[in-house]
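Undergrad: Okay, here's what each chain looks like letter by letter:
Protein chains: 4
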Amino acid sequence: MNPIRVTVWNEYMHERTEPHIAAVYPDGIHGCIAAFLREAGYEVKTATQPEPEHGLTQEVLDNTDVLIWWGHMAHGDVDDAIVKRVYDRVMAGMGIIVLHSGHASKIMEKLMGTNSGELKWRENGDKEILWSVAPNHPIMRGVPEKVIIDHEEMYGEFFNVPDPDELVFVSWFEGGFVFRSGMCYKRGLGKLFYFRPGHESFPTYFQKEVQQIIINAVAWAAPQGILKIASGHTPDDAT
Amino acid sequence: MNPIRVTVWNEYMHERTEPHIAAVYPDGIHGCIAAFLREAGYEVKTATQPEPEHGLTQEVLDNTDVLIWWGHMAHGDVDDAIVKRVYDRVMAGMGIIVLHSGHASKIMEKLMGTNSGELKWRENGDKEILWSVAPNHPIMRGVPEKVIIDHEEMYGEFFNVPDPDELVFVSWFEGGFVFRSGMCYKRGLGKLFYFRPGHESFPTYFQKEVQQIIINAVAWAAPQGILKIASGHTPDDAT
Amino acid sequence: MNPIRVTVWNEYMHERTEPHIAAVYPDGIHGCIAAFLREAGYEVKTATQPEPEHGLTQEVLDNTDVLIWWGHMAHGDVDDAIVKRVYDRVMAGMGIIVLHSGHASKIMEKLMGTNSGELKWRENGDKEILWSVAPNHPIMRGVPEKVIIDHEEMYGEFFNVPDPDELVFVSWFEGGFVFRSGMCYKRGLGKLFYFRPGHESFPTYFQKEVQQIIINAVAWAAPQGILKIASGHTPDDAT
Amino acid sequence: MNPIRVTVWNEYMHERTEPHIAAVYPDGIHGCIAAFLREAGYEVKTATQPEPEHGLTQEVLDNTDVLIWWGHMAHGDVDDAIVKRVYDRVMAGMGIIVLHSGHASKIMEKLMGTNSGELKWRENGDKEILWSVAPNHPIMRGVPEKVIIDHEEMYGEFFNVPDPDELVFVSWFEGGFVFRSGMCYKRGLGKLFYFRPGHESFPTYFQKEVQQIIINAVAWAAPQGILKIASGHTPDDAT
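Residue numbers (the working numbering), protein chains in the order written: chain A, 464 to 702; chain L, 464 to 702; chain B, 464 to 702; chain X, 464 to 702.
Among the hints, erroneous ones may be present.
Unchecked claim - Derived contacts from chain L toward chain A, CB cut-off under 10 Å, selection only:
1. F499
2. E581
3. E586
4. N587
5. I611
6. D613
7. M617
8. G639
9. F640
10. S694
Said to hold, decoys possible - Below, computed lysine-lysine pairings styled on DSS-like, alpha-carbon distance capped at 25 Å:
11. X:K671 x A:K691
12. B:K547 x X:K569
13. X:K590 x L:K590
14. B:K671 x L:K691
15. X:K691 x B:K573
16. B:K569 x B:K547
17. B:K573 x B:K547
What the hints assert, rightly or not - Okay, the calculated beta carbon distance ranges per label pair:
18. L:P482 x B:E506: 48 to 58 Å
19. X:E516 x L:T702: 51 to 61 Å
20. X:K508 x A:E522: 23 to 33 Å
21. X:E481 x B:G695: 17 to 27 Å
22. B:R479 x X:G695: 48 to 58 Å
23. X:H696 x A:K508: 44 to 54 Å
The set of hints was computed from the structure by calculation and includes no laboratory data.
Even glycine gets a Cβ: it sits at the ideal position worked out from N, Cα and C.
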């Protein structure tokens, strides 16, 4: 079997403009994620928002099995035509993993069918504990039932997304909030995993358990079954 | 309790331009549906695509608990701003019942997050049998487990929609096709019921069981719980 | 429409043998629950484990639309034949609301198909916060999105139950635990709502928001659709 | 990675007592299934009801990743202790694939929490068409969207099982019936796939597409994540 082809997409704004963020992610968030995915055996490329076509040409997407999406401060500047291109690839079977503040991106809202930007949040460095409510899910391979992240941005319910097909993680935050932090969706022939942690100011993507979850999510999201379905006028009997 | 306020929206093209359709629905599809919903005790208005703002002004929508949507040949002519207005009301708790060829409407695709226009179809007047797979659902009140419609347009899987929160009906068609014909979704604070039958050339909406299903779906889709949720920056502890 | 007929079933052991529990629930937990359900307009009876047939004769069950179940220390003493009788009624359409430690009861395990007694727990009087993740659900009518219970027994994930058909509440506990605290299931023609709060040593069922949730859950769980389904040998065509 | 260990369990009554069934499955249904699973690379054993402990000793089960279950005429004779042993292994993470008339087995009813024996049926050799409603599911790898089985026993809805976590196939039958024929469930740490086709009098398990579905289902059902979860008294904070 050929290795799964992953494209790690990053808005790549914070790291270029804010030294204290660059200090956390010197190679960019995409660089950090690409590195551990490569080590896991995937064929990995990166793409960023400042590149032409945001680095997501038709050719890049056509050769991507799973796209990872991190964005935050510049959602509004993402070109609608590129969003549509990503959406079309998901319909055709590409997996997509939307991370953290990507919840408010155009592609997330388009795939959810809701205002998924809506949730409660604060940047206090709260402690977060991820609890698995689906321990034998493929995304849990080698992951403990409880993952503690010492400091993170807090996200709290109500998170305006459809009920997931599978809920994998629920987060506890000091301060009294909870959040559905790992959620699986099918959309068209593609799959989407939303994973909450990963604020730019915390080294969350350097944490081993978090890396393992994303590594597993890639395998889960990769195309697995039928990727061409007939539709439209069908005059003949099916028998 | 005040009566539920329903707006029945119809594209209203076939009935005005094709005499053999007008013969089936002399008062328009909206007229037929409005009549049996009124008789069921709801407060019912109608709106059609040719009206200014397609009859869906902000005021009309603000006073609608459940919107019924029938469209077919002119989906592309529905104003995007009106689609957004309907979407916003669903986010805020309005129920919506999408009928038959409304599967390919802009509002359906926007709420599904998929190319829900994709399915197999043929207009052969096939016999359709609706089987309930959720017999004690509120939409089944007074409805038999099997509803035969003598002649209908056929829709066949794969229907490109997300897995429903609840599957209520599966249709059998002569010719060898099946279809998920009654599906419940939550979107934002609103609810959506997709119901398959109702091609313009067949008198489906005059059939008592079909009417009962739509009557029940209105009660199911009407707002029932919290309709205002705080989101955004939340600096204080929740405790 | 006739009022919904509710039977509130209580193990009724703690209150009779432990004065500090009797001080919290002088009329028994069933007495407290029956009182607020009656005030809400339901037709309410009570039944307890020490009664002959645990108070759940065939006649009582045949005249029950929704059964409420509270048990804790004597699950093992509940007669298997009575458990089967309750199960049969759920299959036939009766609703059942399983409260708190009822998670480990024979009827819960039988309806779940899992060892639903498995979860983490401690009796430290932790603060609990219930967050709604389904704000427009009928169980949320008049209930705020956040319900604080000052002191409760803690239950923590992993809770060994199937994924619910609908998840309504997620609880936060001081100490770092989370729990899926309000879950909807269909079983046979009946419906089940599991609701976590209600340890015998805390006055949880006197709290207004908790009462409103249970009042709403009764309406949700009551039979609503088809209650007789043909099965078995079916020689004739369905057409 | 070690190969997945499969135990194919068969009641093995029809083939030993009815010559016309033995003619269809000369090596027993288990023999047929074991052969194609072995060819797919799994480590396969068989076990049958007439063997001591029905061939399902604790040691056999402890060394089984996925159990396949075919039973029909002797469900009532399966020892409750063995059923409990299988159930315990599913709770601990073993996958189980229940085939055809296994829907009415003790283990299926125990894992469903419903009277899953209830459905409509007839033995007329009806044509069956399986349609996929989850084309990119791992169970669909190499399987076409439509699988025609020329002659099968008919099963019709309402099938008394909980809503599946994922619905993969819907069957069409000549005569007007439909059936949810491929359904995924999580139970405890284990997974269950119910697959409808496979009446003893038809050579269904010799059909390539049917074999591919079962081959894929084994991979899907095999343990993948956490297989040991702490539960019980948990006095310490989780932080």
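Undergrad: What hints, given by number in increasing order, does this structure fail?
TA: The structure breaks hints 1, 5, 6, 20 and 22; every other hint is satisfied.
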